[in-house]
Structure formats: structure tokens, C-alpha cells
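Protein chains: 2
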Amino acid sequence: MKIDYELLTDLYQLTMAQGYWESGQNTTQACFHMYFRDYPFKGGFAIACGMAQLADLIDSFTFTDEDVAYLASLDAPGGGKLFNPAFLERLRSFRLNVNIDAVVEGTVVFPHEPLVRVTGPIVDCQLIETALLNCVNFQTLVATKAARVCLAAQAPVAEFGLRRAQGAAGGVWASRAAVVGGCASTSNVLAGQLFDVPVSGTHAHSWVMSFPDELTAFRAYAQAFPRNCVLLVDTYDVEQGIDHAITVGLEMRERGERLAGIRIDSGDLAWLAKMARGKLDAAGLQDCSIVLSNDLDEYTIQSIRDEGAQVGSWGVGTKLACAYDQPTLGGVYKLSATKAPGQSAWEDRLKISESAAKLTTPGVLDIRRYYYSDGRIAGDMVYDVYSEVDEREVIVDPCDDLRMKKLAGKSFETLLQPLARDGVTVLKPSLRSARAAQARAQAGLATLDESQKRILNPHTYPVGLEYGLFERRRDLVVRLKGIA
Amino acid sequence: MKIDYELLTDLYQLTMAQGYWESGQNTTQACFHMYFRDYPFKGGFAIACGMAQLADLIDSFTFTDEDVAYLASLDAPGGGKLFNPAFLERLRSFRLNVNIDAVVEGTVVFPHEPLVRVTGPIVDCQLIETALLNCVNFQTLVATKAARVCLAAQAPVAEFGLRRAQGAAGGVWASRAAVVGGCASTSNVLAGQLFDVPVSGTHAHSWVMSFPDELTAFRAYAQAFPRNCVLLVDTYDVEQGIDHAITVGLEMRERGERLAGIRIDSGDLAWLAKMARGKLDAAGLQDCSIVLSNDLDEYTIQSIRDEGAQVGSWGVGTKLACAYDQPTLGGVYKLSATKAPGQSAWEDRLKISESAAKLTTPGVLDIRRYYYSDGRIAGDMVYDVYSEVDEREVIVDPCDDLRMKKLAGKSFETLLQPLARDGVTVLKPSLRSARAAQARAQAGLATLDESQKRILNPHTYPVGLEYGLFERRRDLVVRLKGIA
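Read top to bottom, the protein sequences are chains A and B.
Numbering (the working numbering) for the first sequence: 42 to 525.
Numbering (the working numbering) for the second sequence: 42 to 525.
I should point out that these hints are in silico values taken from the structure, not numbers from a laboratory.
Accuracy of the hints is not assured; some may be wrong.
No copy labels: a pair is met if it fits in one copy or bridges any two.
Stated by the list, open to error - Below, computed lysine to aspartate or glutamate pairings styled on EDC-like, alpha-carbon distance capped at 20 angstroms:
#, residue 1, residue 2
1, K83, D366
2, K122, D237
3, K451, D407
4, K43, E107
5, K451, E432
6, K83, D415
7, K522, D284
8, K522, D306
9, K43, D108
10, K320, E348
11, K399, D309
12, K43, D97
13, K447, E388
14, K43, D106
15, K380, D254
16, K447, E432
17, K399, E454
18, K522, E280
19, K43, D100
20, K399, E280
21, K399, D336
22, K122, E298
23, K522, D254
Let's have the full structure, built from the sequences with the hints guiding it.
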């Protein structure tokens with residue numbers, strides 16, 4: 042599934058690009074950061090995802106003749122053509138010249154810290170903004186949702202939201218991100234092919250309906266798939282469906298085969314699962330697993346488990362693939378520093394807003410993640426790579442300067458890793474793998490305190506600006522506001 | 042942006058396909074319908090969309106060698122390979138052999154009526170299910186959201202949700218569907234190129250931040266784009282931004298140019314818009330339009346207009362492209378009839394559920410739309426094309442058999458149109474155009490009563506099953522339940 046990232050953008054990136062060239066600003070170097078401001082799903086963490094597609098973006102970013110012809114056809118609202126031929130000629134030979142540093146996929150991340158840093162000519166930085174946000178926003182959101190669902194499930198989760206997902210790539214990226222977040226498999230075959238993630242699935246209600254009766258349908262399925270037989274028991278009547286599945290399960294056992302499971306897709310799932318377990322056990326089919334599905338999410342799964350239902354695995358669709366209760370991450374991409382030709386040092390840039398959460402952070406940033414000696418994470422510091430970190434190693438909450446924490450003496454690692462240099466992807470193949478990212482997410486979640494993984498009202502992890510950076514930001518606000 | 046629709050599917054469609062072949066069911070003819078059960082956004086209508094992509098799906102549906110090699114690599118959970126070589130060999134030469142009838146894009150539609158009817162070998166019908174739902178569910182959802190937003194706006198709406206959309210195709214399809222639903226333009230350049238929809242956009246906050254000061258940034262933009270100049274005034278301070286824009290607007294007028302507008306993207310939009318209008322008018326810039334944006338939807342737009350703000354156009358992003366308050370339509374694709382080899386007539390198929398809304402409708406269905414003599418629509422009848430319509434022309438609500446309506450004597454049209462015959466698309470090029478679909482949606486909305494277009498608590502339009510079909514369905518439930 043090839044995506045034309047060079048045109049997967051907002052028109053204003055291209056009008057600005059022409060403007061930068063015409064005003065001589067195109068030689069200005071810029072630094073942008075992508076970050077989000079609020080915990081998704083009111084949770085306690087997020088799982089970074091989408092950086093492999095970001096690498097694809099860099100690798101395939103060229104304006105074709107067709108692209109240029111399309112742009113040349115656009116009219117300006119006030120008459121004439123929107124773009125100048127000279128600008129379009131430049132696009133034809135345009136090659137990205139950015140450096141990108143990003144957290145590695147699967148990393149546990151938090152609000153207000155840079156997930157991606159882009160530096161390079163301001164035009165290049167802007168031309169990739171929209172596609173970059175599209176890649177990282179959605180996949181980070183779904184990976185996070187999946188991690189929450191899997192924490193609640195405590196058993197394998199299969200993702201199958203493609204039919205309700207937001208478009209083809211929405212579905213395919215959702216399936217990949219779901220696996221990164223912890224899902225055992227997806228129903229999405231194209232995602233399996235593209236990303237080497239496990240695929241799973243057996244049959245639908247229509248299989249049962251297409252046969253004269255349910256028992257015949259179950260027997261035919263067991264015949265065709267003796268090593269992948271999960272029977273869907275709720276087409277007509279769940280209790281009768283379980284009885285039919287037991288009949289077929291016992292027949293399979295006589296043939297030396299095994300009924301792997303039954304799936305219940307409607308009704309009161311907790312009640313039905315307990316009833317089904319009783320019937321299966323009584324029939325001697327203790328090894329037949331129960332699969333539940335039907336509009337599940339982390340909340341319904343937790344409730345079903347709280348009632349004591351023994352569930353072998355879960356199928357989660359719409360509410361996972363679409364991150365139903367919060368369908369976007371809301372991540373932003375903000376200019377934080379510029380360097381005009383001849384300037385040797387970066388100059389801070391700031392966007393002021395009425396709300397503290399929307400104030401940007403200046404500088405060229407990275408994240409230091411500090412650890413307690415037992416391996417749990419202690420706090421994240423957003424710092425400027427070109428400034429000395431104050432020796433007290435204090436972080437200040439970007440939205441509340443009375444909340445601060447001293448991290449001196451603890452071990453730390455920095456989180457941003459090179460993804461591209463001079464427009465060429467340098468991301469190692471091992472860092473593009475969804476399965477490896479899944480393992481990384483699991484390891485990262487293990488460094489969180491249980492209280493930070495709670496589904497409802499989790500404990501908030503300390504993330505802040507390095508003390509000196511915080512003071513620099515405040516001084517800049519005061520100066521731009523004309524207060525001092 | 043090429044999409045591999047043949048693998049854009051749930052794995053169980055392929056396992057069922059193998060099962061159908063092995064059990065000899067593959068020669069059975071099936072009839073499926075795609076429909077949704079609930080009004081999206083608790084509104085009073087939906088706008089059908091996605092049928093052009095459905096035609097693309099039919100046109101490009103072939104299993105490549107790479108596809109087959111991928112499927113051959115899959116293991117069964119219980120050991121061995123999941124698929125038989127003989128089945129995979131069949132896939133290699135597989136050609137879709139379905140007939141598809143669908144409502145035309147842009148048609149106003151309602152719950153419980155078939156938007157798409159697929160007939161053909163059961164294997165073929167199932168293999169396209171997931172991709173079909175993915176195409177039609179999401180795009181119908183966004184077209185509907187866009188129609189609601191545009192009804193509230195009563196002025197041009199530009200869609201710019203790509204950065205927050207669910208993946209690349211999620212964004213591209215959302216932009217197309219937004220135009221079908223009524224948006225004047227999109228910021229999404231790739232959607233513009235692919236679907237010939239109008240694109241729009243000027244500059245971002247970063248443009249302003251990259252210059253030494255706001256006034257210089259505005260002047261540079263006006264210089265570069267004298268015929269497409271909308272200045273974003275809220276980077277530092279809105280009131281000062283408006284003053285700077287007025288300065289540049291007056292300079293443009295002296296050069297014989299025109300400041301087209303200013304955009305406000307934060308703060309209290311209603312209050313700021315009124316303040317801006319006052320300042321612009323006082324400066325003699327009555328022809329400078331005000332553009333508002335910032336997390337808008339139909340509710341906030343209506344509220345801003347209710348306060349009397351004069352808004353020239355609106356920019357709507359996240360909440361439109363992601364249909365934020367309801368991110369999926371929830372449409373389903375249900376088997377309704379089969380015809381075994383040698384059978385001459387279709388045999389009814391029904392899925393029973395505890396809830397009336399989830400009970401399926403049997404038969405081979407179409408929609409009759411009845412009209413009052415003044416052109417307003419009077420009611421929709423879902424009927425079986427192979428059964429005589431009862432002469433009273435009565436419809437019965439599928440979820441409440443006490444609600445019925447007599448439609449005899451009114452004129453009607455039928456809504457399903459051929460989209461594919463024997464696996465070949467027959468959809469006319471004019472029916473693939475997003476702009477034509479937009480015009481059709483506008484004409485359709487004009488046939489609704491105002492009360493049906495209300496944003497909150499709209500009047501419910503009568504949709505029901507033809508009386509004979511309703512009775513047939515009830516008899517079938519009674520029989521399958523073993524009650525009679």
C-alpha cells in the first residue's frame with residue numbers, strides 16, 4: 042500500500058514554502074518538536090508508535106511530475122494561478138534535508154515531552170509536518186489504547202476493527218499499532234502481510250446461516266479446520282449453540298483432534314461465559330477455551346473479569362481500532378528555535394497562548410528518563426541539548442511551576458534516537474519491527490508503578506522542564522508580552 | 042495511493058472461503074446487504090458515501106503471487122499450515138463474480154435500509170465484506186458529519202483534519218467525504234489531486250514565529266500571495282494581530298490588492314469575531330472576511346452564530362475528519378438469502394438476536410422512496426424485489442410493529458443502482474465524482490423537512506419494511522425459535 046506522502050499535506054505547507062522562498066527565509070534553519078499535551082483516555086501513560094511509517098515518509102518523499110502538474114493547475118482565490126512556476130520548478134528537484142530524532146517505537150511516553158524532533162531548512166520541516174503528525178498521532182493513540190485493553194484483559198487479545206476503522210490505512214495502521222501496544226494478533230490480513238504481525242480468525246455468523254442448520258455448519262467447519270477450530274455459538278441461541286459445539290468437540294476428540302474454543306459475540310457476556318464454562322467442563326472439554334467479543338473495551342473487559350468469568354482470549358474491534366472514546370491524540374508540531382544564515386547558535390521561538398498547557402517550549406530538546414535503583418522510572422526531564430543541565434537536576438511541571446522534583450543522583454538515559462540524517466533514514470531495521478516494538482512496550486510498562494497503569498484515575502508520573510529551561514521560557518514570555 | 046483491497050480483509054473471510062470450497066458450499070449463491078442501525082450523531086439523516094472507492098475495490102481485486110505466498114506462509118494455531126495449497130491455487134486465478142447494487146453517493150439515507158446489495162457466489166460475497174464496510178462505513182459517517190456542520194455554518198466550510206485523522210487513507214477519504222457532505226474545500230492536497238475536490242489554505246503560526254516580528258511576517262505573506270491572503274492573527278495577541286492585519290490590509294489596498302481575510306484560531310471565538318469585525322469595519326476593510334477555527338463542530342458553530350458573530354467562512358478539522366463524537370457508523374453486512382445450485386428461488390436467511398434492532402431482514406431488498414406532491418420525502422419502504430408489494434403500500438417500523446404508515450397514491454423512486462455486474466464495475470464516471478455527489482446531497486437535503494435537519498433531537502423520518510416483508514420476517518422468527 043504505497044502512500045504519496047509528499048502530497049499528504051495541508052495546502053498551507055506548500056503556500057508557506059513558496060512564501061519562504063520568495064521572502065528569502067528558505068535558508069533559515071528551524072527546529073520543530075512533535076508532542077501531545079494530555080494523557081490519552083485520561084490514563085497514566087502512552088506508547089509511542091508510528092516511527093516506522095515516518096521513516097517510510099522520509100524514504101519516499103519526492104514530488105513527481107504528476108504532483109507538480111497538479112499543483113500548477115490550482116487557481117488562487119483572487120484570480121490567476123496559486124503557485125509560481127519558479128517555485129514548482131524547485132519542487133521538482135526537491136530533496137528533503139532534515140535531521141530527525143525520535144523516541145523508539147514502543148517507548149512509554151508522557152504529555153509535554155518531544156516524541157519527534159525535526160531540524161533542517163524551515164521549508165523542509167514544514168513540508169513533512171502534516172504527514173508526520175498523521176503517522177505518529179493516530180498510531181500512538183491506538184498503541185496506547187491497546188496497552189490499556191491488554192492490561193485489563195490479562196489474556197491474549199485479537200484486534201478485529203478493520204470493518205469499522207477510519208479508512209484503509211486507518212485500519213492497517215491501527216492493526217499494527219494494536220500489536221505494538223500488546224495485542225497477540227489482528228484479523229487484518231493486509232497488516233499481517235505488510236508488517237509481519239500475527240493474524241487470526243475463524244468464521245462468522247454467515248457461515249452458520251449458509252448451512253441448513255447450526256450443527257451441520259459446525260461439523261463442516263471442524264472438518265475444514267481441525268487445527269484452527271473456534272466455533273461461534275450465538276447465531277440463533279447461545280445455549281443451544283454451546284450444546285452443538287460440545288457435540289462437535291466430542292466428535293473431534295474421537296478423531297484425535299481438538300476443539301480449540303467457542304466464541305460468544307452477543308448477550309450478557311459474563312453470564313454466558315460462566316454458563317459456557319460449566320457446560321464445557323461437565324462435558325469433559327476443559328481444554329476448550331472461551332473467546333468473548335462484542336463492542337469490548339478496557340472497561341467492559343475489566344468488569345467481565347471482575348465477575349469471575351474464565352476467558353481464554355478476547356476479540357476487540359471498533360473501540361480499539363478507532364480508539365472510540367478518544368479518536369485522536371491531538372499531538373502538535375511546534376517551532377521552537379531558528380537559526381538564520383550566519384547565526385551560529387539557535388534562537389528561541391515561542392508561541393504564546395492564554396492557556397498554560399498551550400504555551401510552547403523553546404530550544405532544541407531531548408528527554409532524560411531517570412530511574413530508581415529498583416528499575417522503576419522516577420521522572421522525565423525535557424532539556425535543551427545545547428544548554429548545561431542545572432546540577433540539582435530539578436524538573437518543573439510545564440503547566441504548574443509549584444510542582445517540581447529533584448532527580449540528582451539517579452541514573453538516566455536519553456530517549457531521542459536518530460531516525461534520519463540529511464534526509465536519509467538511518468533507523469535500523471530492528472527498530473522498524475512491530476514485534477520488537479511490542480516487546481519494548483512490555484518492558485517499558487514493567488518499569489511503571491502499578492498505580493500508573495490503573496485504568497481509572499491513575500497516579501500521574503512526574504514530567505517536567507529542566508529548571509534552567511523552565512526559567513528561560515518564563516523570561517521569554519515576560520519579554521514577548523512586553524512586561525519586562 | 043493504491044490500496045490492496047484483496048488482502049484488506051479479516052482473516053476469517055479467507056478461512057471461510059476455504060471452508061466453503063471444501064464443504065461444497067462455494068456454488069451456493071448468496072445475497073448480502075450493508076446497512077446501519079442507528080442515526081449517526083443522534084441526527085435525522087445520513088449522506089451515503091464511499092461507493093466510488095467500492096468501485097475501485099471491484100476493479101482491482103486480484104490475488105497477486107505475493108499475496109498467495111503470504112497466505113501460504115501462515116501457520117494454523119494447532120500446527121501445520123493454515124491454508125491448503127489447492128485453495129491457494131484457486132485464489133491465484135480468482136475473479137470476483139458479484140453483482141452489486143448501491144445507493145448513489147450523496148443520497149440522503151436512513152437506518153435499516155440497504156445501502157449496498159451484493160449477490161453472487163457466497164465466497165465472493167464474503168471476500169469483499171470487510172473492505173466494503175471499511176469504504177462505506179467511514180465515508181458515510183464523515184459525509185453525514187460534514188452535512189451537519191455545513192447546515193450549522195451557513196457559510197463555506199474548509200475541512201483540515203488530516204494531521205489528526207486516522208491514518209493516511211483515513212485522512213484522504215475523510216477529506217473527500219467532507220466535500221460530498223457539503224464542505225467547500227479541504228486542506229488535504231492529496232485528496233485534491235486524487236478526487237478533484239477544491240483545496241484551500243494560507244499560513245500557520247510558524248510562519249509568523251519564523252520572522253522577527255508579526256508585522257514583517259504579515260507583509261511578507263501579502264507580498265508572496267496578494268491573491269490568496271488570509272492572515273492568522275493569534276500567534277502572540279489577537280487584538281494586536283488584528284491591528285497588524287489592518288495595517289497590511291490598507292497597504293494592500295493602496296497597491297490595488299485585497300486582504301481576503303483574517304483567521305482567529307484560539308480564544309473566545311464569538312467575542313473575538315465581533316471585536317475583529319468592529320475594528321475591520323472602522324478601518325474601512327468591510328470586504329475583509331473573518332475565518333474562525335479551533336476544535337469546531339456543528340454545536341460550537343451554531344452557538345457562535347447564535348451570538349451574532351459575522352463569520353465569512355469556517356475551518357473545521359479534528360472533529361469533522363474523525364467524526365469525533367461518534368467515530369464509526371457501525372454499519373453491518375448481513376446474509377439475507379441463499380440459492381443452492383438447482384434452486385430457482387431465493388431462500389430467506391435470518392440472524393436472530395435478543396434485541397429487535399439486531400434482527401436481520403430476509404430477502405433480496407431495495408428501497409422505494411415516496412414523495413409528497415410538494416417534493417418533500419414522505420417515507421422509505423424496504424421491499425423484496427422478488428415479491429409483490431402489498432397494494433396498500435404500508436411500511437412497518439422494523440423495531441416497533443405498532444408504528445406503520447400508508448404510502449399508497451404517492452409517487453416513488455427506487456434507490457439502488459447497478460454498481461457492478463459479474464464482477465465488472467458498471468458505475469458511470471459521473472457517479473464517481475465527489476463534486477456531483479455534493480450537488481446530489483444538497484438536492485437531497487432540500488427534500489427533507491426542516492425538522493429533520495435540526496441538529497438536536499430531530500424529527501424521525503418514517504422508514505419501514507413493506508407490510509408483506511414484515512410479516513414474512515415475523516413468521517420466520519417464530520419458525521426458527523420453534524414457537525410455531
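- request: Could you place K43 and D108 in one of the four classes (within, between, both, neither) given a Cα distance threshold of 20 angstroms?
  value: both (15 angstroms within a copy, 15 angstroms between copies)
message: Within, between, both or neither: how does the pair K43, E107 come out at a Cα-Cα threshold of 20 angstroms?
response: both (16 angstroms within a copy, 15 angstroms between copies)
query: Taking 20 angstroms as the upper bound on the Cα-Cα distance, should K451 and D407 be classified as within, between, both, or neither?
result: So K451 and D407 pass the 20 angstroms test inside one copy only (18 angstroms; across, 70 angstroms).
task: Give the relationship of K122 and D237 under a CA distance limit of 20 angstroms: within one copy only, between copies only, both, or neither.
output: Answer is between: at 16 angstroms across copies they meet the 20 angstroms cutoff, but 45 angstroms inside does not.
query: 20 angstroms Cα cut-off: does K399 pair with E454 within a copy, between copies, both or neither?
result: neither (27 angstroms within a copy, 53 angstroms between copies)
- request: Pop the pair K447 and E432 into one bin, within, between, both or neither, using alpha-carbon distances up to 20 angstroms.
  value: within (10 angstroms within a copy, 82 angstroms between copies)
field: Intra- versus inter-subunit Cα pairing at 20 angstroms for K447 with E388
entry: Neither. Shortest intra-copy (28 angstroms) and inter-copy (74 angstroms) distances fail the 20 angstroms Cα cut-off.
task: Can you give me the call for K399 and D336, within, between, both or neither, at a CA distance of at most 20 angstroms?
output: For K399 and D336, only the inter-copy Cα distance (14 angstroms) is at most 20 angstroms; the intra-copy one is 34 angstroms.
message: One pair to classify: K83 and D366, alpha carbons no more than 20 angstroms apart. Within, between, both, or neither?
response: Answer is both; intra-copy 10 angstroms and inter-copy 16 angstroms each pass.
- prompt: Is it within, between, both or neither when you check K522 against D306 at 20 angstroms Cα-Cα?
  reply: between (58 angstroms within a copy, 19 angstroms between copies)
query: What label fits K380 with D254 when the C-alpha limit is 20 angstroms: within, between, both, or neither?
result: Close across copies (15 angstroms), not inside one copy (73 angstroms); limit 20 angstroms.
query: Given a CA cutoff of 20 angstroms, do K43 and D106 count as a within-copy pair, a between-copy pair, both, or neither?
result: both (17 angstroms within a copy, 18 angstroms between copies)
Against the hints set out earlier in the document, violations occur for numbers 6, 13, 17.
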